[in-house]
Structure formats: C-alpha cells, structure tokens
Amino acid sequence: MEELEQLRGELQAAVDPDQTMIVVCHGTGCVANGSQDVTQALKNALAEAGEDIKVMPGIKTTGCHGFCSRGPLVIIKPANVFYQQVKPGDVEEIVAQTILKGETVDRLLYKHPQSGDALETTDEIPFYAGQERVVLQNIGQIDPTDLEDALRAGAYAGMAKALTAMQPAEVIESVTKAGLRGRGGAGFPTGVKWGLAAKHGDVEKFVLCNADEGDPGAFMDRSVMEGDPHAVVEGMIIGGYAIGANVGYVYVRAEYPLAIKHLEMALDDARALGLLGENILGSGFNFDIRINRGAGAFVCGEETALMRSVEGKVGEPVPRPPYPSDKGLFGKPSVLNNVETWANVSRILDRGWEWFAGLGTEKSKGTKVFALVGKVNNVGLVEVPMGIKLKEIVMEIGGGVPGSDHFKAVQTGGPSGGCLPWEDAELPVDFDSLIAAGSMMGSGGMIVMDDRDCMVDVAKYFLGFLEEESCGKCFPCRLGVPRLRETLNRFSKGQGTVEDIDDLYSLAEAIKMGSLCALGGTAPNAVLSTLRYFRGEYEAHILEHRCPAGVCKDLITYKIDPDTCTGCRACARACPQEAISGEKKKPHTIDESLCIRCGMCMESCKFGAIQVF
Amino acid sequence: MAQTAIDIDIDEIIERYPGKPEYLIFLMQDIQAAFNYISPEALTLVCDHTGVAESQAYAVATFYNSFSLEPKGENLVQVCLGTACHLKGSGLIAENLMRSIGLDEPGTTEDLKYTVETVNCLGACALAPVAVVNEAYQPKVSSPKLMKTVKKLGDA
Chain A
1 MEELEQLRGE LQAAVDPDQT MIVVCHGTGC VANGSQDVTQ ALKNALAEAG EDIKVMPGIK
61 TTGCHGFCSR GPLVIIKPAN VFYQQVKPGD VEEIVAQTIL KGETVDRLLY KHPQSGDALE
121 TTDEIPFYAG QERVVLQNIG QIDPTDLEDA LRAGAYAGMA KALTAMQPAE VIESVTKAGL
181 RGRGGAGFPT GVKWGLAAKH GDVEKFVLCN ADEGDPGAFM DRSVMEGDPH AVVEGMIIGG
241 YAIGANVGYV YVRAEYPLAI KHLEMALDDA RALGLLGENI LGSGFNFDIR INRGAGAFVC
301 GEETALMRSV EGKVGEPVPR PPYPSDKGLF GKPSVLNNVE TWANVSRILD RGWEWFAGLG
361 TEKSKGTKVF ALVGKVNNVG LVEVPMGIKL KEIVMEIGGG VPGSDHFKAV QTGGPSGGCL
421 PWEDAELPVD FDSLIAAGSM MGSGGMIVMD DRDCMVDVAK YFLGFLEEES CGKCFPCRLG
481 VPRLRETLNR FSKGQGTVED IDDLYSLAEA IKMGSLCALG GTAPNAVLST LRYFRGEYEA
541 HILEHRCPAG VCKDLITYKI DPDTCTGCRA CARACPQEAI SGEKKKPHTI DESLCIRCGM
601 CMESCKFGAI QVF
Chain B
1001 MAQTAIDIDI DEIIERYPGK PEYLIFLMQD IQAAFNYISP EALTLVCDHT GVAESQAYAV
1061 ATFYNSFSLE PKGENLVQVC LGTACHLKGS GLIAENLMRS IGLDEPGTTE DLKYTVETVN
1121 CLGACALAPV AVVNEAYQPK VSSPKLMKTV KKLGDA
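Sequences listed follow chains A and B, in order.
Positions 1 to 613 (the working numbering) are the ones given, in order, by the first sequence.
Positions 1001 to 1156 (the working numbering) are the ones given, in order, by the second sequence.
I should point out that these hints are in silico values taken from the structure, not numbers from a laboratory.
Some hints here could point you the wrong way.
[To be verified] List of simulated lysine-lysine pairs, DSBU-like, C-alpha gap at most 30 Å: (1) K1140/B with K60/A; (2) K1113/B with K1145/B; (3) K559/A with K1113/B; (4) K1020/B with K553/A; (5) K584/A with K1072/B; (6) K585/A with K1113/B; (7) K1020/B with K327/A; (8) K585/A with K1148/B; (9) K1140/B with K111/A; (10) K87/A with K1145/B; (11) K606/A with K1151/B; (12) K1140/B with K87/A; (13) K1145/B with K559/A; (14) K473/A with K1113/B; (15) K1072/B with K43/A; (16) K391/A with K1140/B; (17) K1020/B with K584/A; (18) K1152/B with K606/A; (19) K606/A with K1020/B; (20) K87/A with K1072/B; (21) K585/A with K1145/B; (22) K1113/B with K584/A; (23) K1151/B with K87/A; (24) K586/A with K1145/B; (25) K1148/B with K313/A; (26) K559/A with K1072/B; (27) K1145/B with K553/A; (28) K1140/B with K177/A; (29) K1020/B with K261/A; (30) K553/A with K1140/B; (31) K1148/B with K473/A; (32) K1140/B with K493/A; (33) K1020/B with K559/A; (34) K313/A with K363/A; (35) K606/A with K1148/B; (36) K87/A with K1113/B; (37) K1151/B with K553/A; (38) K199/A with K332/A; (39) K1151/B with K559/A.
The shape of chain B in the complex, shown without the other chains (with noise of 0.2 Å):
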C-alpha cells in the first residue's frame, strides 16, 4: 500500500524517541514542529508508541499552550505582552493588529493566512515593544508598522 509523504514522516518522528509515557511531550513538540499542529491521527500514533492513555494525551495536549489540535496559518505573528511591552502599549497593539485582519481574539484567520498568538515575555525586553512574525522580531513595533508587514505578507 502506497503511503503518503505525512505518514512517512510520522513514523520517522515517532521512532526518535524511547515507547515511554515520559518521552510523550518530546513526540508532540516535534509533531507540532513538523506538521504546525497535531492531528486526531498523529495522537493515537503517539500513544499506541508511549503506552499512554488517549484522554491523558489529550490533556497534556490542551495544558501546555505550545501545541495546536487545530492547523495554524501560513503566517504566524506572536505579539509579546510581557510586562515591559504591557508598558510600552502591546495590548493595543494585539488588539489592533487582530482588529485589521477579522480577529476577535488570537486565533486562525478563517482563510488560513494569519495565526496570531499572544505570547507571555520572549525575554527581549530592550526591544520592547516587540513582535516576531514567522520567527524575525520586530523590535519597537507600533501598530502602523505591524499592520503593514503583516499585511504585506498576506498579499505576497
């Protein structure tokens, strides 16, 4: 039976790592790594290798604020809201930034362009205000200049 390019690479994840209920949260970091979130079919993968319960997978999965059971967008943008940048105003800046771009709150646009994450201090204080977008910092953003890198990555 032919396999798809994701099964492979599931297997090949799965193999890193010991079948012990200790290495569950390695498998799903690197899960969520690959893939952007960890799907219904990629849990049970994971606990039939670590011998861990389905419900207790599920539990770690919706306690630590890094994984996704849903897919993220192309474009992730992480606003800081550590207390430095609290001070210097990202909390108006989230707010604006998901106000431009049809979000309630940090979440999935509905076409999957944008993911929009709050994020608690990413210990770059002197930058502050301070957004990484796919992974570059933004230092001393403002919401004007978010918007519009943001924006640009949407019509790219």
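If we strip away everything but chain A, and leave its shape as in the complex, we get (with noise of 0.2 Å):
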C-alpha cells in the first residue's frame, strides 16, 4: 500500500498544475460529432505555432463529460475555459487567441439559455453547476486509458485501504452503513447483498458486473465504462475481497465496443502493476476479472438471466429463491451489481461510508447518474444528489423543454418504468417517491416528453418492446404482453370501447401476479401508469377518434399550409405515393386518399408548410 502512494505521489508531483491542458471530449457523442478531427487539428496547429509557445500545453482525450448535445467539447485547463460545438477549423483560432494570448474566442463560448450571456468556464454553466459529481466524479478529467493518469485522481485508494486495513467484515459493514442501494433499478441494499453471500464461508463465490444497459434511452454505464474503467474494476475488486470471490465477470453489452475497449486496458494495466491478480499489493489475497459480450437479449439484464448467459446458455430467467447469493453463477454463491453501484463502492472505500451516508435522502443515499434525453434542451448525463426535484433536472440543469415552459411527462425506469406529468414536476427523485408515483428509479433513463408526443404511442412502445425481448418461458408475460399491445393498437387506430380499459387493470394484474421475472412483473407500468395521468388522452382516442398529439398515423392527415408553400416541388419529389399536386411556385396539396403517412413530405419541407391534423 505504501508503495502504491509512493507512485501515486511520484505521478502527481511529476505533472504541473498550472501547465496549459487542452481536454477534448471522446465519448461516443462527441465522436459521432467529429471531436478526433479537432483533435487531429489542434495536434497540427500546436506543432505549428510550436515556436510560438513557450510552454508546451499537453491534448488529452476523456470520456464522456455529459453535455453530449452541445459536442464536440474543447476544455482548457487550469482555467477550465469551455468551448462547445467545435470544428476542425476553430482550432486554428484557438491556438491563436487563447493559447497564445491567453483571451477567450467569445463565438465558441456557451450562451445562457436566458439572459443569453456568455459563459466562460464550466462551473457557471446551470447544465454543471446543478450537479453533485460523485460517480463522475473523474470522466472528463482524466485519460480512461492511462493508469498513470487515474491513480493521480485517486484511483485504486479505497481498495488499498479495504484490503490492507480492514476485515472483510468491515468492508461489508462499511458499504451496509453508507446506505448504498443497488443503481440497476431495484435498489436492493447492496452491503446486505454482500453480506448474504458472505455467510457461506470458504467455498467458491462470484462477483458479477451488470453492464448489460439496455434500457433504451439510458447510457449512463456506457459513459462510466468509456471514461473511468478503473472505479468499476476497483470495485469489484473490493466487492471480491468482502464476499470472499477470486474471479468477477463484467458482462457487457456487444453494442458498446469502445467500453469493451477500455475496460480490458483497465484490467491489463491493472493486472501489469500488480492491482488485479496474484496476491493484490501483498495483502494475499487474489482476484482476476474476465469480460462477457452480451449478445442482445435484454432480457440478460435481469440476474438469473445474465448468470445463465455467462454460462454459455440461453438467458432465461429462473425462478428466486433460491437467490444469486446461496447459487448464483455455476452454482455458487454470487454477488451481481450493476456498473454505477461498483464505482459507487470505490468511492464509499476512499471517502469514508459517513461522506456517502450524508449525501441524498433518509432512505436514498448518495447520488443517482441520469441520461437525460428526448424532448430537452441539454440532452446528455448529469448526475444529482438524491431527493432532488424532477423539475430542477429538466428544467434548470436540462434547460427546459424546447419551445415550451413545461413537459408533458418525464418517463423513468425504462420499459418497467412510467411516465411521470408535470403535476408532479416537485416530487423528489428518489427510489421509493419513484415507485409512490407509479414509475421507478431503474437504472437512470429520464425521457422527457412534450405534447407532440401520445402517451397511447409511448405505452405501446415499450410493450412493442417487452413483447419482443419477453424470453417466452412463462405465459403470463409471453402471452399477456401481446394482448396488452393489441388492445393499445386499436385504440391508437380510433377503435375500442372504455370497457376495454377495465380489461387492460385486470390483465395487467394478472401479467403482474404471474411473472417469472420483473421484465414480466413490471412490463404493465408502461400502460397503468399513462392510464393514471392521462385518461383523458386515451378516451380521446377511443371516443373522439383523434390523437391530440398527432402522432398515431391512422387519426391524423398531413395538409400543406398555402401561405407558407412556396411551390419549390421537393415534396412532391419526396412523396412516394405521388399524392402531392401543384403548379411550381404555386401551393401544393396532398391527396388524402393516396396518403400514407410516412412523413417523407414534412422531413422533406424547408419552409415548415406540412402541418399535422
């Protein structure tokens, strides 16, 4: 352990701090925007001025920082400058005025949303002010592919400690007071998880990494994967260490190919300097961490599920008990947590259990990490403390809803989740609020809506998604499931009757009672929760045969708006039916009759003279 602070010191003592740092995002947002072309660029352009610079400043790659709709993002460092939307051709003015200059290119810079001024650093803009960085606390700071790097910002610390001062027991005790629940969506305690599994004494046990993310809408894991590795790795080792586990598996969705990436050089760098593998910094005690590829079921999400898959086998659920932690993977006790909840461990560890147990809520410790997307202005990760309000994550650190002061509904917890209304844009975030308004924590998707968006829609889409990933094995959730999208596809095509929603309670019970697993047993939120927030939306669809937002195809008719078309033909050109007419330059009209509702027209439109009806 000395040694290990020894180096830590050594690397830190060897970097300076006020030496100019340019940080460019790499997480998959920014990527997809172009940020390894600024990258490229600003190497070109210092090698350029090279003469001009007296000091060097060093380029240094991260993962995600969050801000994802504002990508590609340039950060220079000490002074933590913060330019977004950055092309290969503003490098050259970058280097030009702010680093040899040391003055601000004010056109790169982030306006408020409001008053429209412009933010120079970081810390003033509301979309990171509003935050409590815990989990995230080193993405965006650090090089995720660089040891050297993590252990300055603290890496590996909390395991030194674990596993060179303290019993196992402790550890456990540690995790159990800071009020850890797990992040995958259930909020089981995770130091009684440990703990369970720990009784069994010395035989063969298993740590497990849930990292399968697949609700859709949700890339917190992702992100914490891409841009920290080593808090995941740390955590295992720790969670290793007090069940009594000399192997762990990270079992990884296929669709994430950079997170694969960088967490086996986490384990190879790991491994090389003696952190993971024989004898851990001579405290004799042994771990190694093999990596899974999920191979696309969501249903590998659910742990009996994921334990199965990792054996080779087809992932379907079975029954609890018995639990993971008396016969988990291959048979033996088990320990699965998600990715947010081992780096959580890590920080617990490092920072003491009473920092963690001061953070959140009585019952909902510590900080939650949310993808915050759809329908809002700052689309990206934040994570918050516990308790806070639904309406200061949209609307101040989220920046509000475009075109709006209001969202329609917030959706949580992914498939097994709900929609929440603006009525209830005060309640505090936390797991059992969540679940009192009918939705849950899950593990971190916030969709937000707004009223171009049909709660009928939404609800049939996450059954359309359940009915397909629904592995079979029990009926309830094979066959209730279709029964519940069928009865959703009718009323979005203007037919059925409001006793048909009577039928939709009932079978959702049944669906509920009856389910193997929670994909099943939560697979009803997605309708009774819409159902309690926005009945007057489904009656409209049934009795009025209109769908308010104007989204479902078979209750809307698309007409072009004569004032504003200017004849320009495009789409007419786009139609596939060919079911718009007119002169050039005069306005055009669509034949309802040949229409299909494709939407090719709107997409087509530059002037927004195609209106929905």
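Hints in hand, dock the two standalone chains.
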C-alpha cells in the first residue's frame, strides 16, 4: 500500500497543475460529431505554432463530459474555459487566441439559454453547476486509457485501504452503513446482498458486474466504463475481497465496443501494476476479472438470466429462491451489482461511509446518474443528489423543453418504469417516491416528452419492445404483453371501447402477479402510469377518434399550408405515393386518399409548410 | 487435402477458447464477427469443440439478436429505435428506408446488397434520431438523408 501511495505521489508531482492542458471529449456522442478530427487539428496547429509557444500545452482525450448536445467539447485547463460545438476549422483560432494570448474565443462559448450571456467556464454553466459528481468525478478529467492519470486522480485508494487495513466483514459493514442501494433498478441494499453471500464461508464464490445496459434511452453505464473504467474494476476487487470471491465477471453489451476496449485496457494495466491478479498489493488476496460480451438480449439484464448467459446458455431467468447469493453463477454463491453501484463502492471505501451517508435522502443515499434525453435542451448525462426535484433536473440542469415552459411527461425506469406528468414536477427523485408515483428509478434513463408526444403511442412502444424481448418462458409475460399491446393498437386506430380500459387493468394485474421475473412483472407499468395520468388522452382516441398529440398514423392527416408553401416541389419529389400535386411556385395540395402518412413530405419541406391535424 | 480459406479461419477461431460449454457464446460471437453469419458447418464445429448439443447451440443462436444463421448483406444499416429516437420519428425513418429498398421488414435484400436492422438504443441519444451505416454513426438523420446515404453505397 505504501508503494502505491508513493507512486501516486510521484505521478502527481510530475505534473505541473498550472500547465495548460487542452481537454477534448472523446465520448461516443462527441466522436460521432467529429471530435477526433478536432484533436488531430489541434495537434497539427500546436506543432505549427511550435516556436511561438513558450510552454507546450498538453492534449488530453477523455470520456464523456455529459453535455452531449453541445459536442464536440474542448476545455482549456486549468482555467476551465469551455468551448462547445468546436469544428476542426475553429482550432487555429483557439490556438492563436487562447493558447498564445490567453484570450477567449467568444463565439465558441456557451450562451445562457435565458439571459443570452456568454459563459466562460464550466462552473458557470447551469448544466454543470446543478450537478453533484461522485460517480462521474473523474470522467472528463482523466484519460481513461492511462492508468497513471487515473492514479493521480485517486484510483485504487479505496481498494488499498480495504485490502490492507480492513477485514472483509468491516468492508461489508461500511457499505451497509453508507446506505448504498443497487443502481441497476430495484434499489436493494448492496451491503445486505454482500452479507448474504459472505455467510457461506470458505467456498468458491463469484462477483459479477451487470453492464448489460439495455434500457432504451439510458447510457450512464456506458459512459462510466468508457470514461473511468478503473472505478468499476476497483469496486469489483473490493466486493470480491468482502465476500470472499477470487473471480469476477463483467457482462457488457456488445453494442458498446469502446467501453469493452477501455475495460480491457484497464484490466491489462491493473494486472501489470499488481493491482489485479495474485497477491494484490501484498495482501495475500487473489482476484481477477473476465469480460463477457452480451449477445443482444434485453432479458439478460435480469440477474439469473445474465448468469445463465455467462455460463454460455440461453439467457432465460429462473425462479428465485434460491437467490444468487446462495446459488448463482455455476451454482455458487454470487453477487451481481451494476456498473454505477461498483463505482460507488470505490468512492465509499476511499472517502468513508459517513461522507456517503451524508448525501441524498434518509432512505436513498448518495447520488444518481441520469441520461437526460428526448425533448430537452441539454441532452446529456447528469449526476445529482438523491431527492432533488424532478423539475430541477429537467428545467434547470436540463435547460427546459424546446419551445415550451413545461414538459408533458418524464419517463423514468426504462420499459419497467412509467411516465410522470407535469403535476409531479415537484416530486423528489428517489427510489421510494418514484415507486409511489407509479414509476421507478430504474437504471437512470430520463426521457422528456412534450405536447407532440402521444401517451398511447409511448405505452404501445414500450409494450412492443417488451413483447419482442420477452424470453417466452412463462406465459403471463409471453401472452399477456402482446394482448396489452393489441388493445393499445386498436386504441391508436381510434377503435375500442371504454370497457377495454377496465380489461387492461385486470390483465395488467394478472401479468404482474404471474410473471416469473421483473421483465414481465413490471411490463404493465407503461400502460398503468399513462392511464393514471393521461386517461383523457386515451378517451380522445377511443371516443373522439383523434390523437391530440398528432402522432397515431390512422388518426392524423397531413395538410399543406397554402400561405407558407412556396411551390418548390421538394415534397412532391419526396412523396413515394405521388400524392402531392400543384404547379411550380404555387401552393401544393396532398391527396388524402393516396397519402400513407410516412412523413416524407414534412421531412423534406424547408419552410415548415406541412402540418399535421 | 487442400483446405479452403474459410476452413483455416474457423479452426483458428475455434482454438481461441478452451473446449468448455461456457465458451459457446464467445465462439459464436467471433464466428459471427468474422463471417457475418454462422453457417451450419460452423455450428457443428463449435458444438464438437465445446461439447454442447447442436439443439442447444441452435437455441442459443436463435435466442440472441446478434447471431444470424443467414448471410447478411454487403452493407449493414442499423436504425436505432430507442425511446429518444422513437420520439423523434425513427420508426417512420426505418419504414421509409425499408420501403425504398424493397424490404417489408428488417432483413436482407434479395441481391444481398443491404441488411437493415432495427436496434434498441445505441446509447447515443444526443444524436437522435441516429442510424449506423457500416459502423459509421449518422447523427440526426432524416428519411431523405438516410435514403441518400444508403443509395450511394449501393451504387458504389
């Protein structure tokens, strides 16, 4: 342990905190927007400016900074000057102005959405100022492919403390006292789970990391693995030591190639430095980690299905009990936690359970990372203390809804969760409040919807998703979910009766009670929560045969506004049905009998002349 | 006896993992990545190596979305149908794309030029609606934009 701290000290001393460092975000969002080209342009520009620069700035590429809608992001440290939507063509100016003269390039700064003021540094931007970063503390700060950089930021300090100065039972006690609850969705107390596995004594055990982040609209775990993989590795080593396991498995979605790459690098580097493998830090504890790539099955996020998949089998859940803490992977006692939980474990051991227990609410301690997406200005990744109001996340940190002063609904909890209405804007976001409101925390997807989003369509969407992903083992889920979806299908066509709504409730109850795992058990939530808060919208479909949001294909018509139409013919060329006619430079019209409502005309119109009724 | 290139590749892949049932999915993933599908012959080789019954391997191959027992097209287009993309119209975009290349549902065109898949969230929600064409992310796509990109590939 002393050697590790000595190395950390040397690494920290070798870096001058005042040296200019240009940080470029290489998260998936920024890379897709071209941040790699920006990095290359920066390298070229610095090389060219070479002789004019007194002290050559460093360039660091990091994981996701969270502010994905503003990417590619470039931050100049130590002043934390924040440049957004940077293009390779902007780089020359950044070098000439900021690096050489110390002046900011105003046009690349973020403008406050209300006041319009240009904000210079990250700390001033509401998106960052409202956050409390614990799990994400190093992401955007460190180069995730560089163990030395992670060590400078404190990586493996918690593990070193646990392995050299604490008994396994003391580690479990710390995690229990911290009040950490599983971040994968259900919120089970982590320390209690560990204790159940540990009590089996000296037998072979396993720890697993659930990185099969399958909820649509959720990418928290991907960003943690991409941006700070050592936090996950460290947490798993601590967990292995606490319960007496020598092998860990990370089960990660194959859709996340960059996360897999960074995890593999982290494991190799940790092994090379003696932080993983035989006799870690001379403690006598052996532990190693293997990566399993998922093969594309949502149900494998369920713990028993995940373990079957690691065994090389079809990922079908099995009844519990026996719980995995008694009989899990290969029939041995096993503990499964998700990515964010493991990262929290590292922080708790590093900074102490008292500190962690001081964050959040009485029953939901710590912070939660959310993927804030949909109809919100600041799409991205945010970390907030538990108990923060829904409104604060969406309207303040998220910068509100484009073109509106309110959201229509916020969907949390993935396909298992529900939709919360604007009336719940003051709701504290914690495990128990969300369940009481008919939704759930889930893994952290938070999808904002506006008045153009139809709640019947949203419920139908989630049921369609679950119908496809149901493993088919138990019939309440296999047969019940399609029946729910079919009923909603009829509603979306303006068919059905109000009595059908009563049938939905009783069918939902049967599916909840009879399903083998949580996939089926929570499947009706999307219907139940939208019925609870948006029943009027259901009735509009059934009784008035209209979709108030203008989404359900069979209930809408496309029309061209003659005052806005310029007669450019773009829509007529795009229409696959040849349903649009009109003379050039004169307003066009749509033949409703031919229209298949594919939306091609609307997408191709540059003047916003096509409207939905 | 002369071996074809495919035989040699498969043997090399099979030898990457110990002959235990728990490596079934690893092997199938590597074969899928190398050949774009898992042929009946390849499946038999994997079963012989891992000691898994063919019926079980077939169950695994058909259970997981990422395995294909049929060859895929030259160009792979994945349209994200995650929640954020759905709200921004990705369902219509997928339908419009498929109609334009003669597909009724996700799958491969007869001339093996294209495979269209719909995927459940790529975790790139800030780019919604998003599609991936031959591994390149296409942020904020529209039907006309995606159809143009895809058509260009086919003409090349």
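Hint by hint, here is what the structure shows:
1. The straight-line distance between the Cα atoms of K1140/B and K60/A is roughly 27 Å, inside the 30 Å bound, and the hint therefore holds.
2. Distance hint between K1113/B and K1145/B is fulfilled; the C-alpha atoms sit about 19 Å from each other, no more than 30 Å.
3. Between the alpha carbons of K559/A and K1113/B the distance comes to roughly 36 Å, so the proposed pair goes past 30 Å and is violated.
4. Proposed proximity of K1020/B and K553/A is contradicted: the alpha carbons are some 51 Å apart, above 30 Å.
5. With a C-alpha separation of about 43 Å, the suggested pair K584/A and K1072/B falls outside the 30 Å cut-off, and the hint is violated.
6. About 39 Å separates the Cα atoms of K585/A and K1113/B, which puts this hinted pair outside 30 Å; it is violated.
7. About 21 Å separates the Cα atoms of K1020/B and K327/A, which keeps this hinted pair within 30 Å; it holds.
8. Among the hinted pairs, K585/A with K1148/B is consistent with the structure: their alpha-carbon atoms are about 25 Å apart, no more than 30 Å.
9. Proximity of K1140/B to K111/A is assessed by CA-CA distance (about 22 Å); at most 30 Å being required, the pair is judged to hold.
10. Of the pairs offered as hints, the one joining K87/A and K1145/B holds, with about 21 Å between alpha carbons and a cut-off of 30 Å not exceeded.
11. The hinted pair formed by K606/A and K1151/B meets the criterion: a straight-line CA distance of about 22 Å does not exceed 30 Å.
12. Between the alpha carbons of K1140/B and K87/A the distance comes to roughly 17 Å, so the proposed pair stays at or under 30 Å and holds.
13. Proximity of K1145/B to K559/A is assessed by CA-CA distance (about 22 Å); at most 30 Å being required, the pair is judged to hold.
14. Restraint check for K473/A and K1113/B: not satisfied, since their Cα atoms lie roughly 36 Å apart, outside the 30 Å limit.
15. A threshold of 30 Å between alpha carbons decides the hint, and for K1072/B with K43/A the separation of about 40 Å lies outside it, so the pair is violated.
16. With a C-alpha separation of about 27 Å, the suggested pairing of K391/A with K1140/B holds against the 30 Å cut-off.
17. Of the pairs offered as hints, the one joining K1020/B and K584/A is violated, with about 69 Å between alpha carbons and a cut-off of 30 Å exceeded.
18. Note on K1152/B and K606/A: the hinted pairing holds, with a Cα-Cα distance of about 23 Å set against a maximum of 30 Å.
19. At most 30 Å may separate the alpha-carbon atoms for a hinted pair to count; K606/A and K1020/B exceed this at roughly 59 Å.
20. Of the pairs offered as hints, the one joining K87/A and K1072/B is violated, with about 36 Å between alpha carbons and a cut-off of 30 Å exceeded.
21. Restraint check: the Cα-Cα separation between K585/A and K1145/B comes to about 24 Å, which is no more than 30 Å; the hinted pair holds.
22. For the given pair, K1113/B sits about 36 Å from K584/A by alpha-carbon distance, which is inconsistent with the 30 Å threshold.
23. Straight-line distance between C-alpha atoms of K1151/B and K87/A comes to about 28 Å, which keeps the hinted pair within the 30 Å bound.
24. For the suggested pair K586/A and K1145/B, the alpha carbons sit about 26 Å apart, so the restraint of at most 30 Å is met.
25. Note on K1148/B and K313/A: the hinted pairing is violated, with a Cα-Cα distance of about 41 Å set against a maximum of 30 Å.
26. The hinted pair formed by K559/A and K1072/B fails the criterion: a straight-line CA distance of about 40 Å is larger than 30 Å.
27. In summary, the hint linking K1145/B to K553/A is supported, as the alpha carbons are separated by about 22 Å, within the 30 Å threshold.
28. For a cut-off of 30 Å, the pair hint linking K1140/B to K177/A is broken: about 45 Å separates their Cα positions.
29. A distance of roughly 25 Å separates the Cα atoms of K1020/B and K261/A; the hinted pair therefore holds under the 30 Å criterion.
30. Of the supplied pair hints, the one linking K553/A and K1140/B holds, its CA atoms being roughly 22 Å apart against a limit of 30 Å.
31. With a C-alpha separation of about 42 Å, the suggested pairing of K1148/B with K473/A is violated against the 30 Å cut-off.
32. Restraint check for K1140/B and K493/A: the C-alpha separation of about 29 Å stays at or below 30 Å, so the hint holds.
33. For the hint pairing K1020/B with K559/A, the CA-to-CA distance comes to about 62 Å; that exceeds 30 Å, so the pair is violated.
34. For the given pair, K313/A sits about 37 Å from K363/A by alpha-carbon distance, which is inconsistent with the 30 Å threshold.
35. With a C-alpha separation of about 17 Å, the suggested pair K606/A and K1148/B falls inside the 30 Å cut-off, and the hint holds.
36. With a C-alpha separation of about 34 Å, the suggested pair K87/A and K1113/B falls outside the 30 Å cut-off, and the hint is violated.
37. A distance of roughly 27 Å separates the Cα atoms of K1151/B and K553/A; the hinted pair therefore holds under the 30 Å criterion.
38. Only pairs whose Cα atoms come within 30 Å are accepted, and K199/A paired with K332/A is accepted, the gap being roughly 13 Å.
39. Using a Cα cut-off of 30 Å, the hinted pair K1151/B and K559/A holds, with the two alpha carbons roughly 29 Å apart.
Violated hints, listed in ascending order, are 3, 4, 5, 6, 14, 15, 17, 19, 20, 22, 25, 26, 28, 31, 33, 34, 36; each of the other numbered hints is respected by the structure.
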